[in-house]
Amino acid sequence: MEEYLLFNSPGYPVLSYIMLMPLVGALVCHVLRDDLALRIWGLIVTVLTALASLPLYMLFDRTSARYQFAEVRAWIPALDLNYVVGVDGISVLLVLLTTLMMPLCILCSWHFIRDRLAEFIIVLLLMEAAMIGVFISLNTVLFYIFWEGMLVPMYLLIAVWGGPRKDYASIKFFLYTLAGSVFLLLALIVLYVQTDTFFIPELMSAELTFPLQMLIFISCAVAFAIKIPLYPFHTWLPVAHVEAPTAGSVILASLLLKMGCYGFLRLALPIAPDAARFCAPVMIGLALVSIVLGGCLALAQTDIKRLIAYSSVAHMGFATLGIFLFSSQGIRGALLQMINHGVVTGALFIGVGMLYERTGSREIHNNSGLSMLMPAFVAFMALFGLAAMGFPGTNGFVGEFLIMLAAFGVSPPAAALLVPGVVLGAAYMLRLLQKLIWADCDGVYCLPVHAGDGFYVTLRDLSAREWCLMAVLAAPVVWVGLYPGPLLDIMNCSVEHLLLHCAAP
Amino acid sequence: MADTLVLFSPELSLAGMAVVFFACALTRPHALLLQAAAMAFALMALIASTFTYASGGVLFAGAYRVDSFSQTFKILISLGMLLVVWLGTGLRGVKRSVRPEYYFFFALSCLGLMMMCSATELLTILLSLEISSFAVYILIPLRFGVGQRAPLEAGIKYILFGLVATGITLYGMSYLFGLTGTTELVAMMAALPRPLSLQPLALIGLVMMLCGIFYKLALFPMHFWMPDIFVGAAHETTAFVATIPKIAATALLIRVVTLCGPSQQLSTMLAIMAVLSMTLGNLLALAQEDIKRLLAYSSIAHAGYLIIGVLCIEPFGLLSSMYYIYGYLWMSLACFFVIYNLSDDGRNIRFRDLRGLYKRSPIMAGVLVLGAIGLAGLPPTIGFTGKFMIFAAALKQKHYWLVGLAVFNVCISAFYYLRLVRAAYSNVEQETEHIELGAAARLMCLLIIVAIIAGGLLPQNFLSLARGGLLAIMP
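Residue numbers (this note's numbering), protein chains in the order written: chain A, 1 to 505; chain B, 1001 to 1475.
Hints are computed from structural coordinates only; laboratory data are not their basis.
Bear in mind that the values here come from a model prediction, so they are computed numbers and not experimental data.
Backbone N, C-alpha and C define an ideal beta-carbon position, used for all residues, glycine too.
Heads up, some of the hints might be wrong.
A few chain A residues that face chain B, going by a derived Cβ cut-off under 8 Å, partial list only [as the list claims (entries may be wrong)]:
| no. | residue |
| --- | --- |
| 1 | P77 |
| 2 | E148 |
| 3 | V152 |
| 4 | A159 |
| 5 | G163 |
| 6 | P164 |
| 7 | F174 |
| 8 | L175 |
| 9 | V182 |
| 10 | I189 |
| 11 | Y192 |
| 12 | L462 |
So that you can see chain B by itself, here it is in the shape it has in the complex (with noise of 0.2 Å):
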C-alpha cells in the first residue's frame, strides 16, 4: 500500500493540488499567493516524478505501469506546469472571480494526462484522455477582455472536436477488443496477428484507436480545433494547450507503437499522415496574421516532425522525438512568453503589434527569435538538434521520401518564422512604450534562451533520461 502510494505520489500531488484549489475557491486569495501556490503543487510533482524515476510497478490490477518512461513523461509535464505557471504571471487573461477555479481545472486536466503517460488499459486510456479533456473544455472558455464570443466559441468547438474524437477511439477499441477479447494493452497488442496486413480490421482498429492520441496531438485529419482554440482562448490557456497535452499524447503513442512493435502498415498510415499534417499546417501557417493562429498550425506541422520520429518504431526514433516534444516544450513556451507579456489587456497579438519590439524589449525580441528558429530548425537550437535525430532516425530507416518531404517543409517554415524575426526588428516611425517585465519574467526569459541553446547544443543529460525511460518499455 504504501508503495502504491509513492508510485502514485506525482499524480498524488496534483490530486492534492486540485482539492486545495477547489477550496480556495470559496475564498478569493491573492493572485500571486495562488500562483506561488500551484506552481510549489508543479514542483511538489516534479520532484516526486523525478524520485520515482527509477522505480517502477504495476497499480490497479495492472491498469496502470509505473516505470521509467512514464516517470520520464511526468517530469516533463510537471516541468511542463511549472513553466506555464510561471509563464502565467498575474493571470491577465482570466477573470479574477474564477482564478482559484481556473487552477482547478489545470489541476485536474494536468492530472488526467499524467495518467495517459501510465495507462495501460483501455479503460485507463480513455479515462485519462476523458479527464483531460474535459477539464480543458471548461478552461477555453475563461477568458477575459476580447468579450464572450469567441472564448466560447472555441469552448464549443474543443467540445465538439473532442467528443467526435472519443467516439471515434470508442469505436477503435471496440474493434480491438473483438479482435482480441481484452481491454489489457500489453496482451491485446500481442494477440493480434502479425503482419497487421493479414487482418486489416485490427490496423483500422488501431489507427481509430489512435485519433484519440492524434486529437490531443492535433495531427491531420484531427487537427481542426487548434486554430480557432488557440485564437479563442486566453494566452495562458494556449500555452497550456499547445505543449503540455502533446507531451502526454506522444507517452501514449509511443507505448502503443512500441507494444504493437515494427510494422511496415503502420508505419506507412502515419507517414501519411505525418506528411499531410506537416504540409498543411505549414502552408496555411504562411497565410497567417495572428500570431497564436500562425503557431498553431505551426504545432500542426510540428506534430507531422514528431510522428516522423514515432513511425520509425526503434530505439534511436522514439528517442528523437522524446527530445523532439521537450524542446518544442521550450521553443513554444518562448512564443507564448512573448504573446503573454506583449498583450498587456489580453487582447490577441498580430504581426503588427510585434514591429519594433526589438526596442521596447530587447530581451523580449531575443527569446522571440530563438522560439523562431528554433521552431524552424537552425542551429544552434534545440530544435534543430530535434530535427536532425529525427531526420537521421527516418534516413536510417530508409524513409527517404518521407525525409525529403520534410526538409522541404522545413524551407517553407522557415518564411513564416522569419516573419516573426523581421517583424520583431523591424523599424517603428513612432515612439513606442518600453515594456518592463518583472523579476520573475526576466529569470524566465533567461531560463527559455539557456534552455533552447544549452538543450541544443549539449543534449546528453535529457537523452540519458529518456533513453533509461526507453529501456523501460522496449520489449
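Bound conformation, chain A alone (with noise of 0.2 Å):
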C-alpha cells in the first residue's frame, strides 16, 4: 500500500484536521444560544479550516504523482479496512475550492438566514466535513460513506430553509442522487468481492475483464451523471438551485457539482479504463448536448438564479467533456474548469442572493437597471458574468480555451459543435448583464414602477461584508485568468499519470 502513498503531512495529519474541524466545530454549535455567537462561531471554524488547508497548496510535492499527506489507520479489521485518506494533483485544488467557499457560504448568509440558525450552521459544517471527506478519501468505503452522507445535509439545507415549493425541490434531489449513489454503491461492493480490496489505487491496478468493466463504468456513470448534472439527468437542478437558499445554491454550484467529474477521474476512468475508452464517445455526446440544451434553456429564463442554474449544466458539460477527450489539455482543462465554474458560479449565486435580500424577487424584470444604484454590485457582476462566459483574460476563458483545444485535437467535429455552446454562453450572460445594468428604464418592467412607493431608494450598494465577498471571489477569477501556470503545475503529473493509466494498450 505505502508504494502509492506520500507521507509529506507537515507535523500533523492535515487532512483527517481540516475534516475533523467543521465536525467538532458543528458540535460546539449545540451548546451555543445567541446568534451572532454562532455567525461568528461559524465563520472562525471555516476559517480555521481553510487556514489549515493552505499548507496543501504550499508543501505539495509537485513532481510526484502519489497520493500526498497520506495517513493510515487501521479502521474494521473484520472486513479488511483501513481509514485512508490523501490527494493527489486532481483532488488537491477541489480540497481548497471547498475550505475557501466555506467562509464565504457562512458570510452570504449572515443576515439572510435567522430561523434556525445553530441548525443552519450545524449542517453547512456537517456538508464541508462531508465535502473535503470525499475529495481526501483513497477508501471506496469511506468514499461512500461520505458521499451519501453529504445527501442529507443538503437536502435539509432546501426542506428547512428553502424557497415556496422545497418540499418538491429537496425530494426530488434526494431521490435522485439517492438513485444514483446505490448504483455507485452496487458498483463498489462488486468490485470489492471481485478484488478484495477497497484501497482505490490497487483497484486501480486490478485487471478487471470488459464486461466487469462496463458494468462497473455504467453503475458510476448514472451515480456521477446524476451529480454534474449531464443530460438527460439534469431535471432536478434548476429547480433545486431556485428552492435553496444562497449558501444552499452555492454549496451545491461550487461544489456539490464537482463530485461528478471528480467521482469519474478518481473512480470511473482509473478503474474501468477500457469501459471508459468504449464509452466515451457517448459520454461527449451527452456533454455536448448538455453545453447547448443548457445554453439554450438559459437563454429562455427569467429567473436569475434559474438563468445560472442551466448555465452550470452548460459548464460542466465543458468539464464532461473535457474529461473524456483522453488527452493532457482536456482533462486539465476540466480540471480548470471545474475550479472556475466553483468560483464565478459561487460569486453569481451570492450576487443574486444579494439582490434577491435587496428587492424580494429574483426575476430579471424586477432587477434591471442598476447601474445607477449599485455600480460596485454591477461591477462585479459584470466580471464574474464575463468570466462565466469565457472571456479572455478571466479564469473562465483558460479553461474552456483548453478543453477547446484539446476537442480540436481529438474530434473536430465535436470540437465544431462547441462552438454555438460558446455563442450561446456569451449571449445569456450578456443579455441577463445588459438588462441588469442597462435595461431601458422606461419601459413597463423596469424598476422606477416601483419608484412611487419608496421601492426604488432603499437599494442600497454594497456593504463592507458584501464588499468583501466580491473582493475574495474576484481574485482568483483575475489571477488564473492572466497567470494559470501554478494551478496547471500543481495538477500535471496526477494528470499524465492517469492518462498513462488509462492509455489504450
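Two chains, two frames, some hints: make the complex.
Below, the structure is given as C-alpha cells:
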C-alpha cells in the first residue's frame, strides 16, 4: 500500500484535521445560544479550516503523482478496511476550493438566515466535512460514506431554509441523487467482491475483464452523471437551485456538482479504463447536448437563479467533455473548468442572493437597470458574468480554451459543435448583464415603476461584508485568468499519470 | 450443578424478575420503582450473559446449549430489554393498576426469547416459542387511553396468527421427526439427506418448521399480524415486539441454517421470501399515514434484508445478519423513542403530528432523522454498514438478482423514510408547545445517537463479539 502514498504531512495530519474541524465545530454549535455568536463561531471554524488547508497548496510535491499528505489507520479489521486518506493533483485543488468557499457561504447568509440558525450552521459544517471527506478518501467505503453523507445535510438545507416549493425540490434532489448513489454502491461492492480490496490505487491496478469494467463504469456513470448533472439527468438541478437558500445554491453549484466529475476522474476512469474509452463517444455526445441544451434553456429564463442553474449544466458539460477527450489538455482544462465554475458560479449565486435580499425578487425584470444604484455590485457581477462566458483575461477563458484546444486535437466535429455552445454562453450572459445593468428604464418592467412607493431608494450598494465577499471571489478570477501556471503545474503529474494508466494497450 | 446455575444465570435473572414482579402485583408500588427494578434485572441479565460469554456447556440432557453464540444473542436481548424498559419511562400507555403485571409478562416473554437462543431440541424450541408468545398475547391488549377495541383486536389477531404459525411449525417438525427419528437438532440436521432436493419432504418440513421463526421475524408469508399489532398495542409494547423477538428469531434461524449447512434449495426458498418481504413491506409502507403502521411495514421489509445475510449460509453473511439485527434494534428504538415521547396521551402518531417537531424538540427530531436515515441505509449510520455487509456477502455468493432487487427496494424505502424527515422538519404556522424531556430520556437520546453513528463507523467491537459467537457454532 505504501508505494502509492507519500507521507508528507506538515507535523500534523492535515487532511484529517480539516475534515474533523468542521465536525467538532458543529458539535460546539449545540451549546451556543446567541445568534451572533453562532455566526461568528461558524466563520471562525470555516476560516480556521481554510487556513489549516493552506499547507496542502504550499507543501504539495508537484513532481509526484502519488497520494500526498497520506494517513493510514486500521479501521474495521473484520473487513480488512483501513482509514486511508490522501490527495493528489486532481483532488488537492478541489479540497482547497471547498475550504475556501465555506467561509463565504457563512458570510453570504449572515443576515438572510434568521430562522433555526444553529441548525443552519451545523448543516453547513457537516456539508463541509462530508465534501472534504469525498475529496480525500482513498478507500471506496470511506468515499461512499462521505458521498452519501452530503445527501442529508443538503436535503435539509433545501427543505428547511428553502423557497416556496422546497418540499418538491428537496425530495426530487434527494431521490434523484440517492437513486444514482445506490448504483455506485453496487459497483463498489462488486469491485470489492472481485478484487478483495477497498483501496482505490489497488483497485486501479486490478486487471478487470471488459464486461465487468462495463458494469462498473455504467453504474458509476449513472451516479456521477446525476451529480454533474449531465443531460438527461439534469432536471433536478434548476428546481433545487431556485428553492435553495443562497448558501445552499453556492454549495450546490460550487462544490457538489464537482463531485460527479471528480468521481469520474477518481474512480470510473482509472478503475474501468477500457470501458471508459469505449463509452467516451457517448459521454462526449451527452456533454455536447448538455452544453447546447443548457445554453438554450438559460437563454429562455427570466429567473436569474434558474438562468445560472442552466448555465451550470452547460459549464459542467464542458468539464465532462474535457475529461472524456483523454488528452492532457482536456483533463487539465476540465479540472480548471471545475475550479473556475466553482468560483464564478458561486459568486454569481451570491450576487443573486444579495439582489434578492434587497428587492425580494429574482426575476430579471424586477432587478434591471441597476448601474446607477449599485455601481460596485454591477461591476462585480459584470466581471463574474464575463468570466462565466469565458472572456479572455478571466479564469473562464483558460479552462474553456484548453478544453476546446483538446477537442480540436481529438475530434474536430465535436469541437465544431462546441462553438454554438460558446456563443450561447455569451448570449445568455450578455443578455443578463445588459438587463441587469442598462435595461431601458422607460419600459413597463423597469424599476422606476416601484419608485412611487419608495422601493427604489432602498437599494443600497454593497456593504463592507458584501464587498469583502465579492473581492475575495474576484481575486482568483483575475489571477487564474492571467496566470494559470501554478494551478496547471499542481495537477500536471497526476493528470499525466492518469492518462498513462488509461491509455489504450 | 453449580456450573449449570452459572450457565443458566441470564435466564435465572429473568425468572427472578418474573417472580419479583408477580409478588409486586399484590402491592401497588410506584411506577418509577417498578421501572428501576425492571432495569436492574435487565442489567443483571446483561452482566450474566456477558460473564458466561466465554464458557459453554450442554444443559438439561442435551436439550439446551450454552455457547458464545447463544450468549451473544442473550447480551443483545438483555440490552434490548434494558433499552425498551428505559424507553417506556412511566409506562404511560399502560393502565396504572396492571403495571406490575405488565413487567411480569414482559419478563416471561423475554425469558422465552432467551431460551430460544439456546434451544437445540425441538421440544425446547417449541416451548421457548410458546412461552414468549403467550406472554405477548397478554401484553398486547394492556393498553390505556385509546378505548378497548383496537388493543383487543390486536391481541386476538396475534393469538390467532400465532396459533396458526405454531401449528405449521409443529407440522413441519413432525415431518422432520418422521424422516430422522430424533428431536435433537444436531442429530436431526446431520441425518437429513444431502442435497435437500433428494428428499423434498425434508425441505418442506424444514421450511414449515422455520415458519414459527418467520412469524417472530414477521417475514413474508408470516407477516400479516404485524401492522395491526403495531397499531393496536401500546407504544412500549410495540417497541418490544418490533425488536427483541426478532433478535431471538435470528439466533434460532442462524443456528438451524448452520446446522443444515449450505444448501441451494434452502437458499432459494429464503431468497424468494426475502424478495417478497422487502417488496411487499416497502410498497405498502409508501401508502401509510400512521407512523406505527409505516414502521410495521418497514419492519417486514427489514426482515427481508436480514434474511439475505442468513441465506448466504457462510460466516460472513451470518455475521452481517447478526450485525444488522443489532443495528436494527437501535434504529427502530430511535423511531419508537420519538413516537413514545411525542404521544403524551398514548394515542397513535400520524404524519401530521410530526409536523414542526424540530421546533418542539430539536433533539428528538435529530433522533428521528438518524433512525430514519439509518433504516433507509444511508451512511454514516449503523444501517448503512449493515446493508453494506449484507450486500457484499450476498454478492460474494453470486446472488446478483437478489442484491439488485434489494437495492431497488432501498430506493423505494428512501421515499417514505424521507417523509418522516420531511414531516419532522416542516414548518407549522401556529405555535406549538415545546416538548420537555426528562434527564433519563435526554440521556437515552444521546445514547441512541452515539450508538447509531459510532456503531456504524466503528463496528469492530460488535463484529468481534459476533464472530466469536459464530465460531462456536460453525461446524
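Hints versus structure:
1. P77: P77/A check passes; min Cβ-Cβ to chain B is 6 Å, inside 8 Å.
2. E148: 5 Å, holds
3. V152: Holds, because the Cβ-Cβ distance from V152/A to chain B comes to roughly 6 Å (cut-off 8 Å).
4. A159: 6 Å, holds
5. G163: At about 12 Å, which exceeds the 8 Å cut-off, the nearest Cβ of chain B leaves the hint on G163/A violated.
6. P164: Status violated, d = 11 Å.
7. F174: Nearest chain B Cβ about 6 Å off; hint holds.
8. L175: Holds - the Cβ of L175/A comes within 8 Å of chain B, reaching about 6 Å at its closest.
9. V182: For V182/A, the interface hint holds, since the closest Cβ of chain B sits about 5 Å away, which is under 8 Å.
10. I189: 5 Å, holds
11. Y192: 6 Å, holds
12. L462: 31 Å, violated
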